[in-house]
Amino acid sequence: MGALYEGATPQAIDAAVDALSGSGVVLMPADTVYGFFGRADDQEAVERVYGIKQRDRGKPFVLYTDARSVDRWAEVGPVAKELVDTFWPEALALVLPRRDTIPAWFTAGGPTVAVMTAANHLISSVVSLVDGPVFGTTVNYSGEPSITTGADAMRFRDRVDVMIVDDSIPVYNVSSTILDCTIDPPVVIREEAIPLERIHQRIPGVRVDRSRRK
49 MGALYEGATP
59 QAIDAAVDAL
69 SGSGVVLMPA
79 DTVYGFFGRA
89 DDQEAVERVY
99 GIKQRDRGKP
109 FVLYTDARSV
119 DRWAEVGPVA
129 KELVDTFWPE
139 ALALVLPRRD
149 TIPAWFTAGG
159 PTVAVMTAAN
169 HLISSVVSLV
179 DGPVFGTTVN
189 YSGEPSITTG
199 ADAMRFRDRV
209 DVMIVDDSIP
219 VYNVSSTILD
229 CTIDPPVVIR
239 EEAIPLERIH
249 QRIPGVRVDR
259 SRRK
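Read in order, the letters of the sequence shown are residues 49 to 262 in the numbering used here.
Treat the hints with care, as some may be off.
Computed Cβ-Cβ distance ranges for the label pairs, DEER-style [as the list claims (entries may be wrong)]: (1) G125 x M202: 15 to 25 Å; (2) A156 x R255: 17 to 27 Å; (3) D206 x G70: 15 to 25 Å; (4) G157 x R120: 16 to 26 Å; (5) V219 x E192: 19 to 29 Å; (6) K129 x A167: 15 to 25 Å; (7) R203 x D232: 39 to 49 Å; (8) E92 x G157: 33 to 43 Å.
For the record, the hints were derived by calculation from the structure and aren't laboratory data.
All figures in this text were calculated on a predicted structure; none of them were measured in a lab.
Even glycine gets a Cβ: it sits at the ideal position worked out from N, Cα and C.
Kindly produce the complete structure, drawing on both the sequences and the hints.
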């Protein structure tokens, strides 16, 4: 059973970093909902989370990064940079060309990777302190609703190494919006936290393609 911490305390952050640095899986709140987190270059951690969620291996997870580091993991073109500068750290994930710093197996052999950031101190601190790429995904079984409270997330405690509970952190209570920036103009493939109207104000021509929903 995973070690339990209440609140984004320094002790909780240290425990999360230690776990992620050793093939561990951490359950903690993101800006949107509760999430599972692991190292994207650690195949054991990635496989553990696929197993916990009972998720199709053909659906890669999202990388958590920040505006200063995103270019380390993905190629950021002019449109993507404008979106990063405008919206981050809001809950907007961008699909970008993957750099070789992310293993091909992480993206199921695909040439792209989804990247996003976080506004809350917990996630941003953990990601900055881990020496490597960190992925995150919603706490749920694949196909079920995402979990927004620590109480509901407790049923997964025995599947993770560290669990951090703080219901004050999720502010959206829905998943992130995902925008594919490898297409011109970009395409919204999941519209949730950030509505299409706001994106369209910055990037005219953006449309929604729900058939590609992740």
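Now for the hints, and whether the structure bears them out:
In this structure, G125 and M202 break the distance hint of 15 to 25 Å, their C-beta atoms being roughly 42 Å apart. Evaluation of the 17 to 27 Å hint for A156 and R255 yields a pass: the beta carbon distance comes to about 25 Å. Judged by the Cβ atoms, the range 15 to 25 Å given for D206 and G70 holds: they are separated by roughly 18 Å. The hinted window of 16 to 26 Å between G157 and R120 holds, with their beta carbons roughly 21 Å apart.
In this structure the hint that V219 and E192 lie 19 to 29 Å apart at CB holds, the actual value being about 22 Å. Distance hint for K129 and A167: a CB-CB separation of about 19 Å, consistent with the stated range 15 to 25 Å. Taking the beta carbon of each, R203 and D232 are about 43 Å apart, inside 39 to 49 Å as hinted. For the hinted restraint 33 to 43 Å between E92 and G157, the CB-CB distance of approximately 19 Å leaves it violated.
In summary, the structure is inconsistent with hints 1 and 8 from the numbered list given earlier, while agreeing with the others.
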